[in-house]
Amino acid sequence: MIQIDLMELADIGNPKLIAEEIIKGNKDLILPIPIEEIAKVVGIKEINFLSNIEFEGALLANAGKTQGIIACNAKANDERKRFTIAHELGHFLIPTHSHNITCISSSISYENRKTFINKEQEANCFASNILVPQYFLKEELKKIKYFDLEDVCNLRKKFFVSYEAFIRALVNCCNEPMAFIFAENQIIKFFVCSEDFPYLSIRPKNKLPIKLEFTQNHEIQETIERDCDFWLSHRISSPLYEQNMIINKKYSITMLTLD
Numbered sequence: 143m144i145q146i147d148l149m150e151l152a153d154i155g156n157p158k159l160i161a162e163e164i165i166k167g168n169k170d171l172i173l174p175i176p177i178e179e180i181a182k183v184v185g186i187k188e189i190n191f192l193s194n195i196e197f198e199g200a201l202l203a204n205a206g207k208t209q210g211i212i213a214c215n216a217k218a219n220d221e222r223k224r225f226t227i228a229h230e231l232g233h234f235l236i237p238t239h240s241h242n243i244t245c246i247s248s249s250i251s252y253e254n255r256k257t258f259i260n261k262e263q264e265a266n267c268f269a270s271n272i273l274v275p276q277y278f279l280k281e282e283l284k285k286i287k288y289f290d291l292e293d294v295c296n297l298r299k300k301f302f303v304s305y306e307a308f309i310r311a312l313v314n315c316c317n318e319p320m321a322f323i324f325a326e327n328q329i330i331k332f333f334v335c336s337e338d339f340p341y342l343s344i345r346p347k348n349k350l351p352i353k354l355e356f357t358q359n360h361e362i363q364e365t366i367e368r369d370c371d372f373w374l375s376h377r378i379s380s381p382l383y384e385q386n387m388i389i390n391k392k393y394s395i396t397m398l399t400l401d
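Whatever position you read off the sequence shown (first residue = 1), add 142 for the working numbering.
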């Protein structure tokens, strides 16, 4: 049974700490995190999946935010629905957020990066930390000896989130230097790096510096050692390793690691 002390949560303003407080009292949860059950325990009376809406999610609560309803776009995939529910739950639990909020697709996006105090980014921060809690992720990583993209796929499924949500949580949690490059049709969309990873020479909207062969809907290629000039702005003494994954023929994720 999920145990949550609402009085404790009321005194916490930081979205990451709110999520961590919920997880701290429920370390026996089974993955994936039951976000709908958590929402109901804290006061969300209904979660409605609506088809004929132009927004991604919405929160409708009383002024004191003791009870509320979450609406979610029924056309989204299951991972996206879970993130939307968690995002709206963040608005519900973060004391400084309004009790009535409507969020469009671009709001519930990591690309919305004005400042961290942006309320949509605070709700995203809560969603990330409740769906992929560092406690559970660290426990899963202890079981893996040599981490690669196959493990990314398996753990992403276990946490039941998108690749982007999982990889961002992974980079924040893992002690190893790593970088992930997301591309569509060989064009870089964005990348995610750990703080200690060397400076990349690539930029969004650039072509990938490598040529990927799109042969299958889902293909994980072998890890290879790559000259750092392909990816980095300056040479380094450590070997650079590259592994690529093709998703749905046109999307790819490249993982870079150091020895």
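Incorrect hints may appear among the rest.
[Stated by the list, open to error] In silico DSSO-like links for lysine-lysine, alpha-carbon gap of 27 Å or less:
1. Lys299 to Lys331
2. Lys166 to Lys331
3. Lys353 to Lys300
4. Lys300 to Lys285
5. Lys166 to Lys353
6. Lys347 to Lys300
7. Lys287 to Lys261
8. Lys169 to Lys284
9. Lys187 to Lys169
10. Lys166 to Lys223
11. Lys331 to Lys169
12. Lys261 to Lys349
13. Lys299 to Lys207
14. Lys284 to Lys261
15. Lys284 to Lys217
16. Lys391 to Lys331
17. Lys207 to Lys392
18. Lys392 to Lys331
19. Lys299 to Lys158
Just so you know, the hints here were simulated from the structure itself, not pulled from any lab data.
Inset, instruction - Verify the proposed pairing of Lys166 with Lys331, using a straight-line Cα cut of 27 Å. - result: violated, 35 Å
Inset, instruction - Starting from Lys391, check that the Cα of Lys331 is at most 27 Å away, please. - result: holds, 16 Å
Legend entry - Hinted pair Lys347 and Lys300, Cα distance within 27 Å: Not OK: Lys347 and Lys300 at ~31 Å, beyond 27 Å, violated.
Legend entry - Lys331 paired with Lys169 [C-alpha distance capped at 27 Å]: violated, 35 Å
Legend entry - Pair hint Lys187 and Lys169, alpha-carbon separation not exceeding 27 Å: Holds, because 24 Å separates the two Cα atoms, which is no more than 27 Å.
Inset, instruction - Quickly compare the C-alpha distance for Lys261 and Lys349 to 27 Å and report which way the hint goes. - result: violated, 33 Å
Legend entry - Given pair status - Lys331, Lys299, alpha carbons within 27 Å: holds, 22 Å
Legend entry - Given hint Lys261 paired with Lys284 - CA-CA distance at most 27 Å: Judged against 27 Å, a Cα distance of about 34 Å means the pair is violated.
Legend entry - 27 Å limit on alpha-carbon distance, applied to hinted pair Lys207 and Lys392: violated, 43 Å
Inset, instruction - Given the hint that Lys166 pairs with Lys223, test it: the Cα-Cα distance must not exceed 27 Å. - result: holds, 24 Å
Legend entry - Satisfaction of hint between Lys217 and Lys284, Cα-Cα up to 27 Å: violated, 36 Å
Inset, instruction - Take a quick look at whether Lys299 and Lys158 sit within 27 Å of each other, Cα to Cα. - result: At roughly 22 Å apart (the allowed maximum being 27 Å), Lys158 and Lys299 satisfy the hint.
Hint compliance for this structure: hints 2, 3, 5, 6, 7, 11, 12, 13, 14, 15, 17 are not met, and every other hint is.
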